[in-house]
Amino acid sequence: MNVNDILSISRTGLNGLQNNLDIVANNVANSNTVGFKSRDTSFTDLLENSTTPQDANVEDGQQNKMGMTMGLATHQQSINFTQGSLRNTDSPYDLAISGNGFFGVRGGDGQLYLTRNGDFTRDANGNVVDQAGRKLDVQVTVPENQWPQGTVSISQTGQIAIENNGRSTQVGRVILYQPTEPQDLQAVGDNLYRLQGGTLNSSLNGAAGLGTIEQYHLENSTTDLADAMSNMILTQRAYSLNSKVLQSTDDMLGTINEFSN
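Quick note: to get the working numbering, add 12 to the position in the sequence shown (first position is 1).
Derived from the structure by calculation, the hints contain no laboratory data. Don't be surprised by glycine CBs; every beta carbon is placed ideally from N, CA and C. Check each hint, because a few of them may be wrong.
Claimed, not checked - Simulated restraints, written as ranges between beta carbons of each label pair:
1. Asn217 x Gln143: 25 to 31 Å
2. Gly210 x Leu19: 38 to 44 Å
3. Val200 x Ser97: 23 to 29 Å
4. Ser97 x Gly218: 24 to 30 Å
5. Asn176 x Ser43: 38 to 44 Å
6. Thr94 x Ser242: 16 to 22 Å
7. Gln143 x Ser97: 16 to 22 Å
8. Asn269 x Gln123: 54 to 60 Å
9. Ala250 x Val200: 26 to 32 Å
10. Asp196 x Pro160: 36 to 42 Å
11. Gln208 x Asn112: 15 to 21 Å
12. Asn269 x Asp196: 51 to 57 Å
13. Ser242 x Asp135: 38 to 44 Å
With the hints as extra help, turn the sequences into a complete structure.
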């Protein structure tokens, strides 16, 4: 192993720690985001090279029992889909899922996205939408722009009823979705997920294991702020140590170059 190899190892360490720092910072920034699921990072060693007698002062034959990795890489980040705590609200269109499942929202192109963010409202056209204007996937029995005035009630199974003057009108049902495998979901930003391969089940086809809908509730982020801040400090210190190793190696390389000249 030469000095250039050490520089390369330090570089992979800095890159990996920077990726981890970005993920931790994103978790911290979304600690108050409704329905946000924190990300976890894992690291993996790169190719391991056996040592030579020039690398380590060991007895003959012992160097093959030792090895030096060529650095580290950030493993694909995983999403923590555990249930977040629920908090009470005063809006009838604030919804949370207790258990598994996702709400479906439609973008302007009709693309289906999944989310745990149940911060919904009614727009000027009467549609139930999220804060970005994406329509909540609802199986309607009465067109949304024709829903009567009154008190909105959404059951745990998603049935939407509007009560007016003692009369209850069933107007639709909120649909819940669940992928067969959580790893089939790809985060696309803005607290949204898209199915990449696999199968998507819904409450309409009687999929088992789906949770219940809690009206007048929102789901909190799963970010543990104290744990995330501790992780950030440890990552920053590890980054600082790696940068010092890189600087020391660079100084060594400069000294070697002076002697060679």
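Now for the hints, and whether the structure bears them out:
{"no.": "1", "hint": "Asn217 x Gln143: 25 to 31 Å", "in the structure": "29 Å, holds"}
{"no.": "2", "hint": "Gly210 x Leu19: 38 to 44 Å", "in the structure": "42 Å, holds"}
{"no.": "3", "hint": "Val200 x Ser97: 23 to 29 Å", "in the structure": "25 Å, holds"}
{"no.": "4", "hint": "Ser97 x Gly218: 24 to 30 Å", "in the structure": "28 Å, holds"}
{"no.": "5", "hint": "Asn176 x Ser43: 38 to 44 Å", "in the structure": "40 Å, holds"}
{"no.": "6", "hint": "Thr94 x Ser242: 16 to 22 Å", "in the structure": "19 Å, holds"}
{"no.": "7", "hint": "Gln143 x Ser97: 16 to 22 Å", "in the structure": "21 Å, holds"}
{"no.": "8", "hint": "Asn269 x Gln123: 54 to 60 Å", "in the structure": "56 Å, holds"}
{"no.": "9", "hint": "Ala250 x Val200: 26 to 32 Å", "in the structure": "30 Å, holds"}
{"no.": "10", "hint": "Asp196 x Pro160: 36 to 42 Å", "in the structure": "39 Å, holds"}
{"no.": "11", "hint": "Gln208 x Asn112: 15 to 21 Å", "in the structure": "19 Å, holds"}
{"no.": "12", "hint": "Asn269 x Asp196: 51 to 57 Å", "in the structure": "52 Å, holds"}
{"no.": "13", "hint": "Ser242 x Asp135: 38 to 44 Å", "in the structure": "42 Å, holds"}
Taken one by one, the earlier hints all hold for this structure without exception.
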